[in-house]
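Participant: Spelled out, the chains give:
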Amino acid sequence: AQSVTQLGSHVSVSEGALVLLRCNYSSSVPPYLFWYVQYPNQGLQLLLKYTSAATLVKGINGFEAEFKKSETSFHLTKPSAHMSDAAEYFCAVSRRREQGGSEKLVFGKGTKLTVNP
Amino acid sequence: DAGITQSPRHKVTETGTPVTLRCHQTENHRYMYWYRQDPGHGLRLIHYSYGVKDTDKGEVSDGYSVSRSKTEDFLLTLESATSSQTSVYFCAISPDRVYGYTFGSGTRLTVV
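Which chain is which? The protein sequence lines are A and B, in order.
For the first sequence, the working numbering begins at -1 and goes up steadily by one.
For the second sequence, the working numbering begins at 26 and goes up steadily by one.
One or more hints might be untrue.
Simulated coverage check for chain A against chain B, where a stretch passes if three residues somewhere in it have a Cβ under 8 angstroms from a Cβ of chain B [as the list claims (entries may be wrong)]:
id : segment
1  : 41 to 53
2  : 103 to 115
Estimated spans, in silico, between C-beta atoms of each pair [claimed, not checked]:
id : chain 1 : residue 1 : chain 2 : residue 2 : range
3  : A       : Thr3      : B       : Arg34     : 30 to 40 angstroms
4  : A       : Tyr37     : B       : Thr38     : 18 to 28 angstroms
5  : B       : Glu104    : A       : Thr53     : 42 to 52 angstroms
6  : A       : Ser78     : B       : Gly41     : 51 to 61 angstroms
7  : A       : Asn59     : B       : Pro43     : 37 to 47 angstroms
Keep in mind the hints are simulated off the structure, nothing from the lab.
No residue lacks a Cβ here, since even glycine has one placed at the ideal position from N, Cα and C.
The shape of chain A in the complex, shown without the other chains:
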């Protein structure tokens, strides 16, 4: 079964600094990978997704993630943090089916990002 590990339950950066949130996955077949963001008292919002096209995926709000098969990683980055980026971020994986489609998403436990002025 596939799984996701997010390294670091809390990450703190200064405004303007690089944001790096780590995600490693486990899947026996090529995966689909996702990053979601959750702002306080809200639901989860899709940031970006990898579905076997380009390995560098660009998302909303200046975020991007790179799929690295050799490292089984899908880390989320943003060159310059903004105060509005403070939120919780979730990595998720699903597995492709040979007959088409994919299985349901499995989520990591989340990383809470704090941005300091």
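Please arrange chain B on chain A, whose structure you already have, making use of the hints.
Facilitator: Quick look at chain B alone, frame taken from chain A:
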């Protein structure tokens, strides 16, 4: 979130009472999911549906049941609420899992 509505947004109930949470979508998506979110556990899948009257269990289904009699509605029922079911519950929809999920705004349930 556009196209998906959860009700109620907040609920306080007593131990032992039945509780039903509703998820309503206007997107005509095939797949619907119920998750609970708890500190330190992330999101855990309770039940999901892949069509009308087609449902299956997730990883934390004990104490919960679901029903989907129409494409647009997915109901989650706590048969006899317990304090361990105090949580935030999220519904999600998807036309196909490849495209990811759209989440509702959540229901905060407190069992006292």
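Participant: Hint by hint, note whether the structure agrees.
Facilitator: Going down the list of hints, with the structure as the test:
Residue count for the segment 41 to 53 of chain A with a Cβ under 8 angstroms from a Cβ of chain B: 6. That meets the three needed, and the coverage hint holds. Evaluation of the coverage hint for the segment 103 to 115 of chain A: fulfilled, as 5 residues show C-beta separations to chain B shorter than 8 angstroms, against a requirement of three. Between Thr3 (chain A) and Arg34 (chain B) the beta carbon distance is about 32 angstroms. The supplied range of 30 to 40 angstroms therefore holds. Checking the proposed 18 to 28 angstroms range against Tyr37 (chain A) and Thr38 (chain B) shows it holds: the Cβ atoms sit about 27 angstroms from each other.
About 46 angstroms separates the C-beta atoms of Glu104 (chain B) and Thr53 (chain A), a value consistent with the hinted range of 42 to 52 angstroms. For the pair Ser78 (chain A) and Gly41 (chain B), the beta carbons lie near 52 angstroms from each other, so the given range of 51 to 61 angstroms is met. At about 41 angstroms, the beta-carbon gap between Asn59 (chain A) and Pro43 (chain B) stays in the expected band of 37 to 47 angstroms.
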